[in-house]
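Can you build the whole structure from these sequences, using the hints too?
Here the protein sequences come in this chain order: A and B.
Heads up, the first sequence is in this note's numbering, so the first residue is 1 and it goes up one at a time.
Heads up, the second sequence is in this note's numbering, so the first residue is 1 and it goes up one at a time.
These are calculated hints, taken from the structure and not from any lab test.
Quick reminder that beta carbons are idealized off the backbone N, C-alpha and C, glycines included.
There may be inaccurate statements among the hints.
Computed spacing ranges between beta-carbons, pair by pair [said to hold, decoys possible]: (1) A/V328 x B/N112: 30 to 36 Å; (2) B/Q156 x A/S49: 34 to 40 Å; (3) A/A320 x B/S38: 54 to 60 Å.
List time: in silico DSS-like cross-link candidates among lysine-lysine, alpha-carbon distance up to 25 Å [said to hold, decoys possible]: (4) B/K183 x B/K131; (5) A/K339 x B/K47; (6) B/K54 x A/K339.
Residues on chain A that point at chain B, a partial pick, calculated with CB under 8 Å [what the hints assert, rightly or not]: (7) T33; (8) R36; (9) E245; (10) M249; (11) V252; (12) G253.
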Amino acid sequence: MSESKMPNKSTTTKSSAPKVRRLQSRRQHRLVTNVRVFRYGVRNFTRNSWLTVAATAVMTITLLIMFVTIAASQMLNSTVVSLREKIDISIYLDPSVSDDTLRNLKGKMQLVENVRTVSISNSKQQYQDYVQQYPDKLETLATLAEQGIDPSEKFPAVMNVKVNDLSNLTPIKKVVGEDPQFKQWLYSKRAPSYAGEQQDTINRIASWASFAKQLGLILGSVFLVISVLVIFNTIRMAIFSRRDEISMMRAVGADRHFIRGPFLIEAEMYGILAAIVATVIGYFLFIWVTPGLEAYGIATAEIRDILSNWMIAIFAAMIAVGLLIGYVSARLAVRRYLK
Amino acid sequence: MILLDRVTKTYHRGIRPALDKVSLHVAPREFAIIVGASGAGKSTLLKLLTREEKPDSGKIVVGGIDYDTLDDRDVPLLRRRIGVVFQDFKLLPNRTVFENVALSLEISGHTNNEIKTNVPKILELVGLYGKQKNFPRELSGGERQRVAIARAMVRQPKILIADEPTGNLDPKNSWEIVRLLAKINKFGTTVLLITHSTEIVNRLNTRVITLDEGKVASDVAHGGYRQ
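Now the structure itself:
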């Protein structure tokens, strides 16, 4: 700041301000300019065909991994849920237990942590169930009756317990093992079934589900970073290859928006294209593997419903993620290399 | 139209300023030539006028815009008011003549209709009417410079600054470009021609401002080349 220009600064400010403002009235043509920025972006996108293919491919893989991860963990989770629905814990009680005691025990069990529902059935009901289920065994039962044994008094009463979390049975086991009333009435000839083998299977599926989710999360993050880097680099190369063009546009008065905009649009085009490709591949991949998965008892119905009912939303979400990745990476490149 | 008041610009401390308290005034509709050897400060002057650089001290007012009050954001707007022609043309190789000229209007937000009417007119003025669809590589040096002039003039700026516009051209083409600049000046545009061509200076018989080591060495109304 030299002293010489200070005295008349205020007067020139007044005289030049309206002119600058008049210049700014050109900004009314914002829409026209935005359309042009968009057109340039699309043109750059189609012009860099090889870079386009590479950038889009990486982004497609990223989006596909996300898609598959979410679908797979959803499928495995709903499989686990449906299997767990079917399973309960059976606690066998002495046939002579009275209905009052049964109700009492049921009340106790209901208070235990992790227990969802408790149902009871006494010796007689168990007998009837058995008879209904195995009518061919009636003869055997009749033989027993002839020997003076009432089979309906020999069936243990059963308490069926459904739990929220199959992997946490300790509170139930503790009550059954330590409560004096339970200990008194526990059927000595048949230990409580804690759904042993099935539970292992279910737990294995559950751990697969969480493993799949974690793997997907890790792979997804890795590819997210890779695709940001690849797009960053693509835009960087585009900026370098168009250096002369950029300096020329600046010289003739292009503003930042006009120079940066096309690069952002270009990167977002990768995002949109990748989202379309990934959604299509993901969808057909799902249709293709469904029969195989069904054969393994994987529950695919829920995810199929989601896919068909929410197709547009899923597609929109994929595009949103693609746009976001494109925007962030291009923004980083533009900020770094287009000062 | 162009006013510099004691403008100083130093790039590195310890080295003499590229421009040292340069004051000059170019009136509206004037045709002024800036001459000087390399390192005399011609390029610095251009950079200051297009606001690629800021002066260390001194005042610059161009077309009524005081550079002291000019916000960085408004620099593009300033550049749209000044037409600049460069020695190396700065045309986009992968766009046609029409597109290169149209770009200038696209940047400043003119509508497509304005572009369609204005671009052919200016191309006619510079004598390139039939070459709208050609690419720069299909043109001669002189024709390329005409495209650059058309691009600078299509927005009808009040000021045209030509930085060594004939530097890459043979004498015949050079003279045609200079005649075109003179024609533009006649239509009312202030022209500032930066050159080191003795022949042009001597033939034009117009105001010549000589820069030497960052200072105005002479300013002659109907000058010739002094060195």
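Subject >> Hints the structure fails to honour >> reply: none
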